[in-house]
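Construct the entire structure; sequences and hints are all you get.
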Amino acid sequence: MMSALLLSCNKDIIDIDPIENNTANAFYQNEIEARQAITGIYARLGRNGTNTDFATDYYWLASENRSDLLYLVEGTSAQNDQLELRKYLISPNSGTVSGIFGRLYSLIKDANSLLFRTKEGEYTRYRAEARFMRAFAYFELLRSFGPVALITEPIENRDAVALPREEPQVIYAQIISDLEFAAVNLNKFYTGAEAGRIGSVAANALLGQVYMTMAGYPLNDGSAYAKAETVYAGIIADVDTRFNPDYSKLFILENENKNDIFSIQFASGTNVGSSLPGFITSSPSSGSPFPEWTYATYNLQGQDVRVDTMLVNQMKTRGDKRLMASIDTGYWNSTNPATRTWVTRNIVTKFLEKDNTNTRIKAWNDFPRNFPIIRPADVYLYYAEALVVNGKAAIARQYVDKLRLRAGLAPLAAFPTLENIKQERKYEFIGEGRRFFDLVRWGQAEAISTLTSFAQHYHSQTNGQLPSAKDLLLPIPQSELNTRNNWNQNPDY
Amino acid sequence: MTIPAMCPLYGYSHNERYGAEHSGRGSEWFKPHSDVLTRAIVVTGTVRDENGETLPGVSIKIKGAAGGASTDVSGRFSISVPDANSTLIFTYVGYTALEVPVGGRTSLNVVLKESSTALTEVVVIGYGTQSKGNVTGSIAKITSENIEERPIARVEQALQGQMAGVAVRTTSGAPGSDISIRVRGASSISGDATPLYVVDGVPLDNLSGINPADIESIDVLKDAASAAIYGSRGSNGVVLVTTKRGKKGTPVISATAYTAVSNIERKVDVLDSDQWIAFNQKWLDRQWQVNNPTQDPNASQEQRIAYAQSLAPAGTVYGTRQSLLPIRATYGIYDPYWGTDALEPIDWQDELFRTAPSRDIQVNASGATDAVSYAISAGVFQQEGVVHASSFDRYSLRANLDARINKFIRVGLMLAPSLGLREGANVDGKDNAVSRSLSFPGWTLAGSGRMAGADPYKFYGEWGSGANNVSPYVQAVYNERLNRDVRMNSSFNATIDIAKGLNVNALVGWNYRGNRERSYSPTWIQGTWDTSVPGERSSSRYTTLQGHSLLTQATLNYDRSFGDHNFNGLLGISQETYKEENTDQGLTGFPNDKTWVFNRDRATTTNFNTIGAAENALLSYFSRVQYNYKNKYLFSASLRSDGSSKFGERNRWGLFPALSAGWRIDQEDFMSRTDWLSTTKLSASWGQTGNDRIGNSTFVSNMAALNYVFGDNQAISNGYVVGNISNSLLRWEKTDSYNVGLDLGFLRDRFTLSAAYYYKKTSDLLLSAPVSLTTGFSSMMDNIGNVENKGFELELRTFNTVGTFKWNSGLNVTINRNKITKLGSGDADIRIGQGGTIIQRVGHPINSYYLLDAVGVLREADFDRDAGGTLVPKVPVWSGQRPGDTKYRDINGDGRINASDYTVAGNYQPDFEWGFTNNFTYKNFDLSILLQGRVGGDLLSIGSRGWNRPTNDPKWLYMEQWLTKAYWSEEEPGNGKVPAFFSAVTSEYDTNWMYDAGYLRIKNINIGYNLPLKAKFISRARVYVSCDNVYMWDNYYPGFSPEGASQDNASSDWGAYPQARTLSLGLTATF
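Protein chains in written order, with my numbering: chain U, 17 to 509; chain H, 15 to 1085.
Hint data in this document are derived by calculation from the structure and do not stem from the laboratory.
Bear in mind that the values here come from a model prediction, so they are computed numbers and not experimental data.
Any given hint could turn out to be false.
Claimed, not checked - Mimicking SDA-like on lysine to any residue, the simulated pairs with C-alpha atoms at most 25 Å apart in a straight line are:
1. 486/U to 905/H
2. 204/U to 738/H
3. 593/H to 29/U
4. 486/U to 909/H
5. 472/H to 333/U
6. 1030/H to 53/H
7. 378/U to 729/H
8. 204/U to 729/H
9. 204/U to 727/H
10. 888/H to 107/U
11. 378/U to 616/H
12. 378/U to 727/H
13. 370/U to 979/H
14. 378/U to 446/H
15. 979/H to 909/H
16. 370/U to 726/H
17. 748/H to 32/U
18. 1028/H to 1084/H
19. 608/H to 375/U
20. 261/H to 1084/H
21. 378/U to 620/H
22. 836/H to 503/U
23. 444/H to 66/U
24. 593/H to 498/U
25. 274/U to 727/H
26. 472/H to 375/U
27. 274/U to 729/H
28. 833/H to 498/U
29. 274/U to 725/H
30. 486/U to 166/U
31. 378/U to 621/H
32. 472/H to 372/U
33. 135/U to 738/H
34. 135/U to 718/H
35. 265/U to 727/H
36. 77/H to 156/H
37. 593/H to 33/U
38. 888/H to 475/U
Right under this line is the structure:
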């Protein structure tokens, strides 16, 4: 019996592979797995296994919320990150900030993993998409955090913590190379069942935006304007095919992926919905504040943030049709005409699906509306801006007028100036997270003075700080600095 | 297994009370005497020890008859015996009991021999037993006596307050819930810090299926030298459970039964119904004054409404309760229902909790012949919980059979099936019934009572906590949950004697666990039943788990003495495999509310539908040598090698050595004259152990699903991302442990004292530690970080009085200091839990609390006002704070309060813990009292943020202090600790929710009476009354128990199921 027992003790019994999961080393072996891997990279921009999607965290809380479009009505409540971002009090310990930083690097890691574990020449489309996504992530990291570590292969922690904050020019070179690879290896657009995926027009449009950003503060690389113009000139005809002459039809479900160039994709009911509409105004703990618009059990998450009253008044004065397509100035608090009262509030409802019969939308983080990253208006206004700087305002005029006409405004009386373009950008993209980065791009002094006067007007009673140069970047997350000793925090944080 | 003899403490009473059961002489004791006609005589004499010293206080009894005496100060006694053939029994602590037939004499000189109980008493060690006197490690033991005569529901309860260095905590009072055991502090952060359980030589994941009545003894291996024989699983100590075996002599049948009733230990001091209205009115009055400074501050309700009406938009009439609701806070409007019959008061704690009965019946038969011994038992335990609808039933059987096949071969079979049934919704934690019973105001709409919120009643509406809420009673009772746990523990072993002192033992153990749980929540108890059709919001869930663990093991044992040299050797090999499969199905949205049984096609939403599987394996080689010279100089060394599938290929195998030595000074010749000092032993040990409690295959990089939407029709596509970093170096946690022990006995062990100092350093902590976010991950499972535990243990046992009235005491004190000494990259903090309030930081204990330090309440004097009347703080404040808000300590001294001022504010670890047992016997009565407590340590009542936090709207219920002790104004500043209920900054986590977790508790009082029986078929019967959790003194305010740390790594409280005060009446009988 003893010998039988001893014989049965085979040393191999402790070699057990996991039953439940695919291991990373055994993945990326065929077309299906490569496709699943690229899908996962896109999904980093969605809910990412958390309650908020990338658009909410980044374009809403950390961008629109810090610009001169939205102000905070009340002092304090549970969502402190949102308050602190709004009041220029954000600390390196902020969960929202480290969430953004970590998510972008997760995306980079997944792209690096796919690029590393598949071979050059195979799955070229997926590799091109992966390089686009990696470029996108580095671009946003640079814009928001300044120089960061450049990582292009799977990396272990001990190697990662040794990397310095790379020179921005080096990171931009990688971004440009990635986007150029994507642009030559993808079709212009993808539609039907593949709608929502990156095409070459999107890659070029992002490349143009990268050049426009390099041209502005803080890099101030003047040569980039010409590069931007060239890139935009090459895609402008394709962009025209996606232009919808009716602004109010841009943000509706049935036109999704028809009038844009690249959007984050959402669907409700299966943990892949958008969380943005949940942040449009203050909320009771349960129930719906807008019973006319949302299903009975819907509830909200965000703070009482409202649109700058002066902006609303200016747009009303101009007769700008983009106002009512982007903003509601109030709502009924009940569906019962006998008892309801009108609540007056300027809130961004652009991404709210107003349908109180839609029972799939039950939660604040479960909306079907896509969030646009690049749409034709981006290309028109960037292109126009590059043309004006390059002394070609005459060519730029048509693109500015195209958007003015759509907004119900008269064409410009003269060639567009930079000031005209700045104004159009502000009205065109309300709620889309462009404004803060524009202000930064246009120069430190202008950005700080614009944000300061806004803060003085709205936040003198809510104990906020006035913005300073430090606020043009987010702080490097403290959790990141804790793991390494070779990075300096962004100045004054 | 050798029968554990009795330790000195219990030995004394043992001979008196339990001799019949254990000594095997029971049949003689009650042998009827035939020559009853002889007359009584008086016997006198003196009792001396071997050195001729007289012994005072020696107890003398007459065998088989009532009556007794004891010796006086000069060792003399006088006793009247029924006849000249009587036999006297002399017993004395530390001496062997002596029976002396009177034989017609009237004068007796008796010499008692010092007993060598310390040598004969046996403790269970890994893969064997050892005489207690020769133990060189640190082992604590309790025997069946501590368990049998007191009603306990679970094995672990028997250990609470009994052993130094073994902290037992009842985190949840829910029937059948697990009880936390920590041996010498927590030495793991991520890994489980629960000790390894080994029942009759077979490791077991959980003791819930074990019937306490089946237990002969529990031995806890505390130091690494004892536990290292369990290698990679010994770091957190090892609990060895030995079940009863049959003993030679007359077969014994014993039956025990008790019945008990339980109530909650205490209620929490929230506002009662009337106080809640007073609180609301006070707040609303203030709202009126603050929002309408131009108006009469004391305006009546009519005046307030009239004023509001004067400012109302055209067409708005404030004529109804509904129309007043939106202006309630602005104009300080009272609910028109207050003071009317439309509302009824209710006490939610009274409604949720009940007086709950429980009962337990045990039958046990055992016996042995030369060839066969058997112990078979059956137990039925039925417990209802103090929360309505909760219960736990355990049905268990056990058969332990041992047979001697021939001169060389012995075999044994153990079978122990059990069935555990748990019923009742999960009431612990966020938004569940227990926390709801503290956060709902004590009013319901008339007629609804405790069914408020369930069809056809609505909950007290927007003037209170909201119309869509459901009463905690309904939550607890009508959310059905049934958990069935079938366990089969079995083992077979065979021992073959090969040569003198040499034998080989083979063991095969198989543990099966089949667990099924179903839960069902119908639509009619959802708060939104009125906007739903039946079934729409119903959900049903069914999970299963099947686990098999198989152990095969062979050991070679050698035990021999050569003159004064005593050897014991062990060589072994074992292999353990574990396999499990689980399923989880859950659906929502049914056609109706009629049944929990569902068909996927009929439901609208699938919430869960998974099948899972896991397996792991452990292969081990182990050896041990024990040697002593004349039982004086003791040495022991062991070595184990473990290979585990849970770790990376490069670190799969590990070595776990241990060394220990002891010196029994009392055995030295020079000690033989030292009368006052008896047992004297010094011991020291060192050993290395491990902890392997992490998931399977965490060392490889796995792909995790992350889906995305593509296409015009918004179709979901399967996506995969790299889910975790691989770590091929992943290995077990390693603990180096040092132990120094001293055992002393005074006055022939009438007082014994055991003291131990230990130092445990755990390195290579299995930690999900932060890594650079640039890796794409926030954390990685890695072996980084060190934790140390050092502590001091003291056990004192005394026989205070002997003779007819006997009193003995045991005191144990445990001091443990836990500290993290190293963490991952750059010692970065690790924060977990609600709001990141639990922190792991170097230099502080595991699971410390990370909070703002509240130092008082901000007053008007802390501010200036500028020309515009705006407050300008003179002291550091959180942005936006006003008088009445919590004043925080400016930790970093930058003149303002923000997230950088969070600090390590406390932790749950006590300064020390103690237990104090007292046993009294007088004639047929016995009484035992167990006191137990902890001093120091804090508990974060994280859940009480619901009912113990300023929210500036008193719609929900709050602790009484918010009415009576809070800041309301400069004129009514409260006690200086409780901020204003209308505070501005209310969402930070601060020390206002951290309370002293020290307590002193009368844990148990047990009074028994041995019935003086005439019947011949029954040898002994005892009735008793016992009360558990008799009374507690503590400072924990916003929750039920300072032991209720159940949330966030078991370090904070969120409405844990309260503990019960239980009163039981029991009977034990032996036939």
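Verification of the supplied hints:
The straight-line distance between the Cα atoms of residue 486/U and residue 905/H is roughly 24 Å, inside the 25 Å bound, and the hint therefore holds. Proposed proximity of residue 204/U and residue 738/H is contradicted: the alpha carbons are some 35 Å apart, above 25 Å. This hinted pair checks out: residue 593/H and residue 29/U have alpha carbons roughly 12 Å apart, not beyond 25 Å. Annotation: proposed proximity of residue 486/U to residue 909/H holds, straight-line Cα distance about 20 Å (limit 25 Å).
About 49 Å separates the Cα atoms of residue 472/H and residue 333/U, which puts this hinted pair outside 25 Å; it is violated. With a C-alpha separation of about 24 Å, the suggested pair residue 1030/H and residue 53/H falls inside the 25 Å cut-off, and the hint holds. Among the hinted pairs, residue 378/U with residue 729/H is consistent with the structure: their alpha-carbon atoms are about 19 Å apart, no more than 25 Å. Annotation: proposed proximity of residue 204/U to residue 729/H holds, straight-line Cα distance about 22 Å (limit 25 Å).
For the suggested pair residue 204/U and residue 727/H, the alpha carbons sit about 21 Å apart, so the restraint of at most 25 Å is met. A C-alpha spacing of about 23 Å is found between residue 888/H and residue 107/U, which places the hinted pair at or below 25 Å, so the restraint holds. Distance check on the hinted pair: residue 378/U and residue 616/H sit about 21 Å apart at the alpha-carbon level, within 25 Å; holds. Restraint check for residue 378/U and residue 727/H: satisfied, since their Cα atoms lie roughly 20 Å apart, inside the 25 Å limit.
About 47 Å separates the Cα atoms of residue 370/U and residue 979/H, which puts this hinted pair outside 25 Å; it is violated. Of the supplied pair hints, the one linking residue 378/U and residue 446/H holds, its CA atoms being roughly 21 Å apart against a limit of 25 Å. Distance restraint check for residue 979/H and residue 909/H: the Cα-Cα separation of roughly 29 Å exceeds the 25 Å cut-off, and the hinted pair is therefore not satisfied. Under the criterion of a C-alpha separation no larger than 25 Å, the hint pairing residue 370/U with residue 726/H is consistent with the structure, at around 20 Å.
Using a Cα cut-off of 25 Å, the hinted pair residue 748/H and residue 32/U holds, with the two alpha carbons roughly 23 Å apart. A distance of roughly 14 Å separates the Cα atoms of residue 1028/H and residue 1084/H; the hinted pair therefore holds under the 25 Å criterion. With a C-alpha separation of about 23 Å, the suggested pairing of residue 608/H with residue 375/U holds against the 25 Å cut-off. Between residue 261/H and residue 1084/H the CA atoms are separated by roughly 14 Å; this keeps the pair inside 25 Å, and the hint holds.
Restraint check for residue 378/U and residue 620/H: the C-alpha separation of about 16 Å stays at or below 25 Å, so the hint holds. Pair hint residue 836/H plus residue 503/U holds up; C-alpha atoms about 22 Å apart against a cutoff of 25 Å. A C-alpha spacing of about 19 Å is found between residue 444/H and residue 66/U, which places the hinted pair at or below 25 Å, so the restraint holds. About 40 Å separates the Cα atoms of residue 593/H and residue 498/U, which puts this hinted pair outside 25 Å; it is violated.
At roughly 13 Å between alpha-carbon atoms, residue 274/U and residue 727/H fall within 25 Å of each other, so this suggested pair holds. This hinted pair checks out: residue 472/H and residue 375/U have alpha carbons roughly 23 Å apart, not beyond 25 Å. This hinted pair checks out: residue 274/U and residue 729/H have alpha carbons roughly 16 Å apart, not beyond 25 Å. For the given pair, residue 833/H sits about 20 Å from residue 498/U by alpha-carbon distance, which is consistent with the 25 Å threshold.
A distance of roughly 11 Å separates the Cα atoms of residue 274/U and residue 725/H; the hinted pair therefore holds under the 25 Å criterion. For the proposed pair residue 486/U and residue 166/U, the alpha carbon gap of about 23 Å is at most 25 Å, so the pair holds. A threshold of 25 Å between alpha carbons decides the hint, and for residue 378/U with residue 621/H the separation of about 15 Å falls inside it, so the pair holds. Note on residue 472/H and residue 372/U: the hinted pairing holds, with a Cα-Cα distance of about 23 Å set against a maximum of 25 Å.
For a cut-off of 25 Å, the pair hint linking residue 135/U to residue 738/H stands: about 23 Å separates their Cα positions. Taking the CA atoms of residue 135/U and residue 718/H, the gap is near 22 Å; set against the 25 Å cutoff, the hint holds. Among the hinted pairs, residue 265/U with residue 727/H is consistent with the structure: their alpha-carbon atoms are about 18 Å apart, no more than 25 Å. For the hint linking residue 77/H to residue 156/H, the alpha-carbon distance of about 29 Å lies beyond 25 Å, and the restraint is violated.
Between the alpha carbons of residue 593/H and residue 33/U the distance comes to roughly 13 Å, so the proposed pair stays at or under 25 Å and holds. Between residue 888/H and residue 475/U the alpha-carbon distance is near 21 Å, which keeps this suggested pair within the 25 Å criterion.
Comparing the model with each earlier hint shows violations of hints 2, 5, 13, 15, 24 and 36; every other hint is respected.
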